[in-house]
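Protein sequence lines, in the order shown, are assigned to chains G and B.
So the first sequence is numbered by the working numbering: it starts at 1 and just counts up by one.
So the second sequence is numbered by the working numbering: it starts at 283 and just counts up by one.
Note that these hints are calculated values from the structure, not bench results.
We treat Cβ as the ideally placed atom computed from N, Cα and C, and that holds for glycine.
Honestly, I wouldn't trust all of these hints.
Pairs of lysine to any residue residues, derived as SDA-like cross-links and limited to a Cα-Cα distance of at most 25 Å, are as follows [what the hints assert, rightly or not]:
| # | chain 1 | residue 1 | chain 2 | residue 2 |
| --- | --- | --- | --- | --- |
| 1 | B | Lys294 | G | Asp221 |
| 2 | G | Lys207 | B | Lys331 |
| 3 | G | Lys134 | G | Pro242 |
| 4 | B | Lys344 | G | Ser15 |
| 5 | B | Lys331 | G | Cys149 |
| 6 | B | Lys344 | G | Ala150 |
| 7 | B | Lys331 | G | Lys134 |
| 8 | G | Lys207 | B | Arg339 |
| 9 | B | Lys331 | G | Pro242 |
Now the stretches of chain B that chain G is said to cover, found in silico as 3 or more residues with beta-carbon under 8 Å [unchecked claim]:
| # | region |
| --- | --- |
| 10 | 303-313 |
| 11 | 316-326 |
| 12 | 333-340 |
Label-pair ranges, simulated between beta-carbon atoms [unchecked claim]:
| # | chain 1 | residue 1 | chain 2 | residue 2 | range |
| --- | --- | --- | --- | --- | --- |
| 13 | G | Pro242 | B | Glu321 | 34 to 42 Å |
| 14 | B | Glu321 | G | Ser71 | 23 to 31 Å |
| 15 | B | Ala314 | G | Arg51 | 17 to 25 Å |
| 16 | B | Phe301 | G | Asp212 | 16 to 24 Å |
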Amino acid sequence: MIADRFGLSWRGKLSTAILANRARIDAIELIADDYLDAPATKLRHFRALAREIPLGLHSIHLGLASTVPVSSAYLDRIARVADVIDPASFSDHLAFVRSGDTEIGHMHAPIRDEATLDSTLVNLARTERIIGRKPEVENIATLIDPPGCAMTESEWLAKLLGRCQNRLLLDLHNVHANAINFGFNAGTFLDALPLDRVHTVHIAGGKWIADDDGNRRYLDDHLNPVGDPTYALLETLAAKAPNPLTIILERDGRYPPMRELLDELDRARAAVTRGRAQRERS
Amino acid sequence: MNDPNFERFLAKLYTDDAFRARFLRDPAETAATQKLTAEQTEALAGIDKIGLAFATRSFAAKRRRRSD
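Chain B on its own, in the form it takes in the complex (with noise of 0.2 Å):
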C-alpha cells in the first residue's frame, strides 16, 4: 500500500494549504491528479480528518520554531 508516491502526497497535505483545502473538498479528485493508487485513494477518503487538523497546526508550527 505505502509507496513513496503516497509518502509524498502526505508531506504536501501536511505542507501546502492550498493542496489540503483541495483535498479536503475533494479527495478522490485529487488523489487521482497524484496518481495514486485505489487502495491510497480508498484509505485517504476515510482519513482521520481531525487529527489532520490538528498535525498539519503542529508540524506548522514546528516548522516555525526550526525556522526562526
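Chain G extracted, bound-state conformation (with noise of 0.2 Å):
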C-alpha cells in the first residue's frame, strides 16, 4: 500500500488550528518568501516543527523559468531559511516575475520555447548549488496565452523534466484552471507528463471572472474550496502516478473554519483511495 500524505499550507491565522488538529494532517508547506527576514529564534521553530512532521519550503519569487538569471541575493536569503529550517523539501515555481527592477507582481508563465528551457537549466542548476537542495518545480495557472510559445505547456514541462533530475510539484487546480481556460484536455496533459516524477501536488479552488464585454477566464486564487474536477484530476493522478504523493491544500485567504478545510483533505484522501485502487486492479 502507498503512503500518501495529506497536508496544509502553513498560514498564520491558520497556525494554531493546525497544531490543534496534527492527528488528521500529515504534512505542511511554509512560504520561504514570508520569513526571509525572520529571526533565527523563529526560523528554529520551524526547524523543531520540521522534525515532527514532514515540511516543504516553498518559494514563489525566484522566477526560475526566465532568460535572466535568479538573483544569487535573493537565493542567498532563501537558502538562510532553508538551511535552519532543515525541510523535507524545497520548491518554487516555472515562472517569469520580474524584469530588471521591474516586478510584475505575481507568476507570469514562461514563454515556452528552447531557449527559455536552457535558461530554466540553468537556474535549477544554480538554485541547487545556492540552496543545497534540488528544487522540484510546479507548474502555474495563467489567465493569458504567453505569446511566442512554440510548444504547448505539457510538451515544456515535458522536455525540460527530460533534461534535468529535478521532481515536478504538480499543481492539479493550476492544470483544471489552464484547460479551460484554453481548450484542452486535462487528462492528456497528465498522460504526457512523467509522473514517475511527481512526488507533491497542490490543490487548491478558484473562480470565475469576466470583463464587460461577457469574457470570462477561471482564476486560480486560492480562496475558494477544491471543486470537483480537481479531485476527479487527483483520482486520475493517483492512479497512475507511482511514488507516494504528499498532497497540500492551498487556501490564502477568507479562510473556513478548519473542519471545512480538513474535510477538503477527506475529500482528498477518498480521491487518492479511489484512484489508488484502480492502479492496484490494473
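Two independent chains are provided; combine them into the complex using the hints.
In C-alpha cells:
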C-alpha cells in the first residue's frame, strides 16, 4: 500500500488550528518568502516543527523559468531560511516574475521555447548549488496565453523534465484552470507528463471572472473550496503515479472554519484511495 | 525567440498602463521602439488581448496587496 500524505499550507491565521488538528494533517508547506527577515529563533521553531511533521519549503519569487538569471542575493536569503529549517523538500514555480527592477507582481507563465528551457535549466542548477537542495518545480496557472510559445505547456514541461532530474510539483488546480481557459483536456495533459517525477501535489480552489464584454476566464485564487474537477484529476493521478504523494491543500484567505479544510482533506484522501484502488486492479 | 529584452518588454506591458495603451494602439510600432526581433514583434501582434487584460488586472491587484 502506498503511504500518501495529506496536508495544508501553513498560514499564520491557520497555525493554531493546524497544530490543534495534527492527527488529521500529515504534512505542511511553508512559504519561504514570508520568512526571509525572520529572526533565527522563529526559524528554529519551524525546524522543530519539521522534525515532527514533514515540512516542505516553498518559494514564489525566484523566477526560475526566465532568460534572466535568478538573483543570487535572493537565493542567499532563501538558503538562510532553508539551512535553519532543514525542510523535507524545497520547491518553486516555473514562472517569470521580474525583469530588471520591474516586478510583475505575480507569476507569469514561461515563454515556452528552447531559449527559456535552456535558461531554466541553468537557473535550476544555480538554485541547487546555492540552496543545497534540488528544487521541485511547479506548473503554474495563467490568465493569458503567453506570447511567442513554440510548444504546448505539457510538451514544454515534459521536455524540461527530460533534461533534468528535478521533481515536478504538480498543481492540479493549475492544470484544471489552464485546461478550461485554453481548451485542452486535463487528463491528456497528465498523460503527457513523467508522472514518476511527481511526489508533491497542490490542490486549491478558484472562481470565474468576467470583463464588461462578457469574456470569462477561470482564476486560480486559493480563496474558494476545491472543486469536483480537481478531486477527479487527483483520483486520475493517484491511479497512475507510482510514488507516494504528498497532497497539499492551498488556501490563501477567506479562511473557513478548520473543520471545512479538514473535510476537503478527507475528500482528497477519498479521491486518492479510489485512484490507488484502480492502480492496484490494473 | 525569448530573450531578456522580450521579457523586459512583457514586464513593462504588464506594469505600465501608458505603455500598454500605446502597445494596444500600435503593437508593431511599440515593439520597434524597444528593439524587438521580427519574430518577437510577430508574436506580440497576435497576443491574447483578453488574457492580457485579465492578467494585467490580476498582477496589479497582487502588487497592491504586497505593498499594503
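Please check whether the region 333-340 of chain B has three or more residues whose CB lies within less than 8 Å of a CB on chain G. Since three or more residues must qualify, the claim that chain G covers the region 333-340 of chain B holds, with 6 doing so at under 8 Å.
Given the hint that Lys331 of chain B pairs with Pro242 of chain G, does the C-alpha gap stay at or below 25 Å? violated, 40 Å
Are the Cα positions of Lys331 of chain B and Lys134 of chain G separated by 25 Å at most? violated, 37 Å
Between Glu321 of chain B and Ser71 of chain G, does the C-beta distance stay in 23 to 31 Å? holds, 28 Å
For the pair supplied as a hint, Lys207 of chain G and Lys331 of chain B, confirm whether the alpha-carbon distance does not exceed 25 Å. Within the cut-off at roughly 20 Å; holds.
Decide if the proposed pair is consistent with the structure: Lys344 of chain B and Ser15 of chain G, CA atoms, cutoff 25 Å inclusive. holds, 23 Å
Pair hint outcome, Lys294 of chain B versus Asp221 of chain G [Cα-Cα no greater than 25 Å]: Distance ~24 Å between Lys294 of chain B and Asp221 of chain G Cα, so the pair holds.
Regarding the pair Lys344 of chain B and Ala150 of chain G, is the alpha-carbon distance no greater than 25 Å? violated, 28 Å
Is 17 to 25 Å a correct range for the gap between the Cβ atoms of Ala314 of chain B and Arg51 of chain G? violated, 58 Å
Taking beta carbons only, do three or more residues of the region 316-326 of chain B come closer than 8 Å to chain G? With 4 residues closer than 8 Å to chain G, the region 316-326 of chain B meets the three-residue bar; holds.
Coverage of the region 303-313 of chain B by chain G (three or more Cβ within 8 Å): It is violated, with 0 qualifying residues against the three required.
Lying within 16 to 24 Å: is that true of the beta-carbon distance Phe301 of chain B to Asp212 of chain G? holds, 22 Å
Violated hints, listed in ascending order, are 6, 7, 9, 10, 15; each of the other numbered hints is respected by the structure.
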